[in-house]
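Asker: Going down the list, the protein sequences come from chains E and S. Positions 0 to 676 (numbering that gives the first Met the number 0) are the ones given, in order, by the first sequence. Positions 0 to 676 (numbering that gives the first Met the number 0) are the ones given, in order, by the second sequence.
Derived by calculation from the structure, the hints in this document are not laboratory data. Worth double-checking, as some hints may not be accurate.
One copy or two, either will do: identical chains are not told apart, so a pair holds if it fits within one copy or between any two.
[Stated by the list, open to error] Result set (SDA-like, lysine to any residue): computed pairs, CA atoms no more than 25 Å apart in a straight line:
1) 210 to 143
2) 402 to 313
3) 131 to 275
4) 210 to 640
5) 323 to 102
None of the values given here were measured: they were computed from a predicted structure.
2 protein chains.
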Amino acid sequence: MAYTKRRSGLKRSALVAAALAGSASAQTFRRTAACPNLGCIFPPDQSAFIAGQVFDLRVEVQAPANGTMPFNNGKPYDSFTLSIGKKGQELKDVTKAFSVVDPKLSSYNFTYYEDLFAQDAKTPTLVNVVAKDYRHLALYDPGEYELKLKYNNGMEETATWEVLPLSKKKLAKNVILFIGDGMAPGMTTAARLLGHKSVNGKYQSTLALDKAEGFGMQHTHSLDSFITDSANSATALMAGKKSTVNALNAYTDSTGKPYANPKFETIFEMGRRIYNSQIGVVSTAYLADATPAAVVAHTSLRSQYDLIIDQYLDGVTSNFTWTKWDGPDVLFGGGGSDFVAKASNRNVSKIDKFLAKGYEFVTTNSSLFNIGNSKRALGLFSASTLPTWVDRHVFPENLPTFKAYNEANKTFTAPSKDVPGLKEMTLKALDILTTRSKADGTNFMLMSEAASIDKAMHIADYPRALGELLELDNTIAATLEYLDKHNLRNETLVIVTADHGHGFDVFGSADTKYLKAAQGNDKKRNAIGTYVNSGLSGYQVPEGVSPQNNTVVTGPWGEGFPVDWQPRYTAAMGFAADVDQYEDYTTRNKSRTTSLTKLANGTYRADPSDAPDGFFISGNLPTTDDQGVHSQVFTWGPAASLFNGMQDSTEIAQKIAAALDLGKDHNATARVHGPRH
Amino acid sequence: MAYTKRRSGLKRSALVAAALAGSASAQTFRRTAACPNLGCIFPPDQSAFIAGQVFDLRVEVQAPANGTMPFNNGKPYDSFTLSIGKKGQELKDVTKAFSVVDPKLSSYNFTYYEDLFAQDAKTPTLVNVVAKDYRHLALYDPGEYELKLKYNNGMEETATWEVLPLSKKKLAKNVILFIGDGMAPGMTTAARLLGHKSVNGKYQSTLALDKAEGFGMQHTHSLDSFITDSANSATALMAGKKSTVNALNAYTDSTGKPYANPKFETIFEMGRRIYNSQIGVVSTAYLADATPAAVVAHTSLRSQYDLIIDQYLDGVTSNFTWTKWDGPDVLFGGGGSDFVAKASNRNVSKIDKFLAKGYEFVTTNSSLFNIGNSKRALGLFSASTLPTWVDRHVFPENLPTFKAYNEANKTFTAPSKDVPGLKEMTLKALDILTTRSKADGTNFMLMSEAASIDKAMHIADYPRALGELLELDNTIAATLEYLDKHNLRNETLVIVTADHGHGFDVFGSADTKYLKAAQGNDKKRNAIGTYVNSGLSGYQVPEGVSPQNNTVVTGPWGEGFPVDWQPRYTAAMGFAADVDQYEDYTTRNKSRTTSLTKLANGTYRADPSDAPDGFFISGNLPTTDDQGVHSQVFTWGPAASLFNGMQDSTEIAQKIAAALDLGKDHNATARVHGPRH
C-alpha cells in the first residue's frame, strides 16, 4: 500500500509514552486550538504559506492550575525561546531570522471546561498564560521550515511549515470566485431536479455547473474540529490557511479577545498589494457576514460587524501593523443597517465614510445600472440579508417585510420593492471592475456569494434555498457569457465552490395533496414515494399535467427554473442532522424565520404552525445547526484543470495564488500603489 | 443563457393542449414506465445505443377501461404500425428496416392504482393491452434515429434514439469496474475521517480514492423515477441504458412477468462476443444480488435468483433469442445457498452445473490462492452476504453466525471462519483473468463490488458500512499496485463508482461516554458536538489519548483503518431519510439485522434494545429504505480523463465501450468464440 505521507519527517511509530500522556479529554472543548500540549505556535504545525504572504507569529506558554493536566501550580515559565530554519539547516532565533525586535511579554489567564461532565459539574480549569506576538512577517524562500519552541523549563514543541513553490507561469490575470454557501452535492442534485426536466431519466437541459471545465471536491476540516463554519471555511478559501470556527483570517488565541489575534494576508490583499488589483465583493448576505468579510477582515470573532466594516474601509488599523488597504472597488450586498449611524458605533455613519472616500452609493436595483463604471461603488440593497429569489419572483408580496434604504432619514426602514439579485449585482460589479482595471492597466479579483443557499437551509426552507442555488447557476451562465462578450474568458479563472456542505439530500417525492388530506403522522408519512414510487420531477410540468409527460415547457421564470413552484408532487428532502420539526414538503408562501420555538425551560421544540398539514420529525441535534464536511468545486478558464479531483480547502487559495502569480521571492519588487480614485 | 438542449428537435413551446390533456396523476404509481400516453415503445424515447449492441424492440398499445384516461371502452386497436429511419430520412416499417418477420400479437390486461387515494379506496384501473416483440436487433450506423408508432386508430407516438459514434481509437484493453454500492460523497468523507488522521485540519495520509487521476459525478435517475435502486443503476453502468427499479438489463413492460421482457446487451456481453474477453465477477454480496447479476442477467425482477444464476451459467436461454454466453471466467462472492440443490430449484445443484463445465470450485480464503489460474473458477464463501470487514477483523467472534460450505452434505451450514474479503477475491480474480487472457491473447473485464457499504447503511450500521468502504479503498490501492507490478497499468482502465448515493453525512461528533451516562433524550442529545465542538477524529488515536494529539500512530489493522473502532469521541452521522430508530453512535459489537420491529398493526417501530443507551429519532419515511440521487466516479489509467465532471449514469458504460472499442459497424467482423476451457 502506497499511502502518501503528507507530513515529512513524521514518525509513524509504536506509542511514544511521553507524547501520549495526559490530555485524555479536550475534544468537545479544547484548551486552545492546535495546541495539544502546553506550548502553542501560531501559525501552527502543518501551515502552508504563499511566498511573501504576510503573517503574524504568536507564541503562548500555558500552565493549567487544575484539571487533568496541572503544571507547576499553574505558573508558566516566563522565559522561552523560539527558533526557525529551513529543514535540515541550523535554526536561528526568530528575532534574528526575521530581523525584528523581541516583543513585550503579555500575561493573563482563562478558564475552560475539559468536557461535558465538567461543564455539568461547573468545574472549570484555570490556565495561566504568557505570550508574545511577532507582527508582520513574511517568508519568501520556498521549501520546508522547522520551528522549535523551548519552554516551561524543559518542554519542547516543534512545528513544520511549508512555503509553496513560486509559479513557473502566470496562467490567469483575473479571478472570479463564486461561493455557494453550504452548497452540498445533494443540493445541486435537488436544484437540477427543480430547474430542469428529465424525460425517461435523461435531462433535456442541465445546470451551468454541470458543464464546468474542471471539477473537484475539497475537504473542509477546521484547524481543530472536523465541522467548519462559514468564517473558518472562507478563511481557507481566501487565505489558504486552516483556522477555527468563527475566525476570519486570524488564529483564535487564548485571549478570548477578537482584536489582536495573529493574522495572515488573504489572496485579495496580496493581489492589491502586488498588482494593485481591482477588488470586488458581492453577497446576498449582509456584508458584515463571514463569507464576504473573509475577503479582507481579520478577527477571531465573525460577529464583530462594526470592526469588519471598518476593515473593509481601512484594513486593520490600530497598532497591530498590517498591510495597506484602502477599501474594495465594489462592495454590493445587504446589511445596510450595520452601516448607518447609531449609538453602538458612536453615531458614525459608515456610509458617510465611504462617501468621503469618493464611492458611488446605490440602494436599488433600478439605480444600480445608472451609476457609472469608473468610480468605486458601495451598494446596500436591504437592511439585512437580501430577499431570496423565490420571494422576489414567486411571492413578491413578501418583499415589504424586508427593509430598503429610506433616503429621508438615512436608515434602512423603507418597504423593499426594487431589489437586485446575485446576477444583477455580479454583472454590474464586472462592469465596474473591468472598466477600472482596463483604465489602470491592472487586473480584477471578484468574490460573489450566494449566501441564502445556506441561510434558507438552516431553517429547513428547502425550496427557497434551492431557488438561490438556481439563481447562482443562472449568474454563472451570465458571467461566462459576459466574459465571452468582453474577450476576457481566456484570461479569467472562474471558480464556483461551496464553503462547506450540509448533510442534505433528496430521498423521494411527496404527494402533497395526499399528505394534506391524510390524518395522523403515520398516514401522512405514506405520502412519501421512494424508489419506483418517487416518479419524475413535478416542478417542470404545468398544473394538472402528469410529470411523466415528455413535453418540455418553459415556465414564467424562464429556462433553468421550475415551471411550477408548488406542484402536487414535490421532492422529499431533508438533513442527516436535524432539529425537531414539522414538515409538509411544500414551497411555503412565507419563509419561516426558524423551525423552532423556545420553551420556558430553555429547550427548543418544533412549532406545528410551521407546517399545519405536515408530520412531526424529531431530530438528533442539541442545537439548531448542522454542517457537512465536504464541498464541490467547479472551474472554467485558464488553470481550470488545477482544481480537478480531491483537494484540501486551503489548496483553493493556494492554486488561485499560483495561477495569478501572487507568490513572490525577495528579488521580486512588489508594486506599491497609491490611494484609490 | 446557453443551455444545451440534449434532445434535438424537442419543442420548448407554449402548452400544447393535446399533448398535455389527461393523465393528471400517475406519479407515485404509473401505468407503464416511460409511457405517458397509450402507445409504448421499448427501448423508449431518449435511448442511446453502442453501435452493434443487441436489443429487443417491443411495442404495447393500451386502452384503460376506467380511471381518468379511459379509451374506447378499454379496447385497444389490434392494428398498429411502427416505422424507423435515420433522422430526416424516410421511415420504413421495422420489419423491413431490420429484415425480420412480423411477430405474433399478444393480448392481456393488468390493473394499477392511479394514486394513493385510489389505493386507499381500492379502486384500481383496468388496462387492456396488445403487444409485439421484435427480438435480437442491432443498429450499426451511428447517428440519430426516429421511430413512429401509429396506433389506436389515429394516435401517434414518436421516439428518438441515438447510435453513438464509433471509437476513433482503442484507448484501453482491459477494464476493472469497482462499484461501491450506495457510496455517497458523505460516506467517503466519513471513511477518511475514520481511516486517516488529520493534524491541525490537514490529513497526514489520504484515501486511495483521493488520488484518482479522473474524478466526476453521475446523475442516477431511473427511466421513470428519480430514485434508483441497485438493479436499475447497475443496468445503466453496465449496459448504458436507463431502466426501472428492480430491472436488470431489460425493460419493465406491463406483463408483470420477469422473463420475456425486452432486453439489451451489456458491455461485458459485448466484450465476450467481440473480443472473447475474459469476464470476472466479484462481490461481497450474494452473487444473485442485483449488482453482480447486472454483468449478464436480463430480467425485470431482480429477485429472480434462480433465473439469474442460470443466466450466469448459460445466458438467456428459452425461446427469447439472445447472444451466446457460456459462463464467466471468475465468479467469486457469497450467496452459496442459492447454488445448492433444493426443491425450489428442482433439486438441481447449480454448483454441479458449474463443475460440469470444468470450473474450479473454492469455498474458503485459505484455499482461494491454492487453486491454479488457468481454469475458470467459482468461489462461494458464505451462505448469503459475506461477513463485513469489521466482523472479520474487529469482532471475529461474530463469524460463526455466517454460514460456510459444509463439504459433508454439500450445503452452506458450516460455521464461517476462513472467509476472504474484497481484496483477496479481487487479487485472485486478477491472477486468473490475466493468466487466461495472456494465454488466449485476449483481454479481461472485471466487475468488483463492495456490496455491504449499502447493506450496512440500510440498517444504519454506519461503522460497518464505513469499514467496507475502507476495505474497498484498500483493494483499489492493492489493485493499482498489482497492475503496476504486472505492467498492465497503461492498458487497463480502472473505474470506481457508486451506483447510487444515500442522503448520508457526518454532522458532528458524539461523546459516547457522556451519551451513555446522560439520562433522557434531550440530555443525551447534548452529547453531540457540532462546529467547533466536533473536534478531530477519535478513531485515529489510542484509548486514553486526546484526539488533539499530533502523533500519527498505526493501529492493529494497518494504515488506512482506524486505530480504535470504539473511541470515546465518535463521528455523529446519519441519513436525511430515516426510519424511526434509537442511536448511540458507537460501533456495536454485533450488527443489527434491522433497526425496526414490526408491530401487530403492520407498522414498524424502532426497537430500544437496538441501542439501549441511545436516544430516539423519529423518521420521515414510510418504508425502511432511502436512496440519494448522485454518485461519485473515480478513474485511473488510459481514458481516465473521459470520466471527469458531471455525467449521466448511462455514459459510464458508453465511455467504457468507447475506450475498449466495443462499438462496431456493419463492416467489422465480430469474432466468434468457441466454448470456454
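Asker: Evaluate each hint against the coordinates.
Answerer: Verification of the supplied hints:
Taking identical chains as interchangeable, the C-alpha atoms of residue 210 and residue 143 lie at most 25 Å apart only when they sit on different chains, with a minimum of 23 Å there against 38 Å within one chain. For the homomeric pair residue 402 and residue 313, neither the shortest alpha-carbon distance inside one copy (27 Å) nor that between copies (72 Å) is at most 25 Å. With identical chains, the CA atoms of residue 131 and residue 275 are never at most 25 Å apart, being 32 Å at best within one copy and 73 Å at best between copies. Taking the closest pair of Cα atoms, residue 210 and residue 640 come within 25 Å of each other both inside a single copy (13 Å) and across two copies (15 Å).
Proximity of residue 323 and residue 102 under a CA criterion of 25 Å is satisfied intra-copy only: 22 Å inside one chain copy versus 83 Å between copies.
In summary, the structure is inconsistent with hints 2, 3 from the numbered list given earlier, while agreeing with the others.
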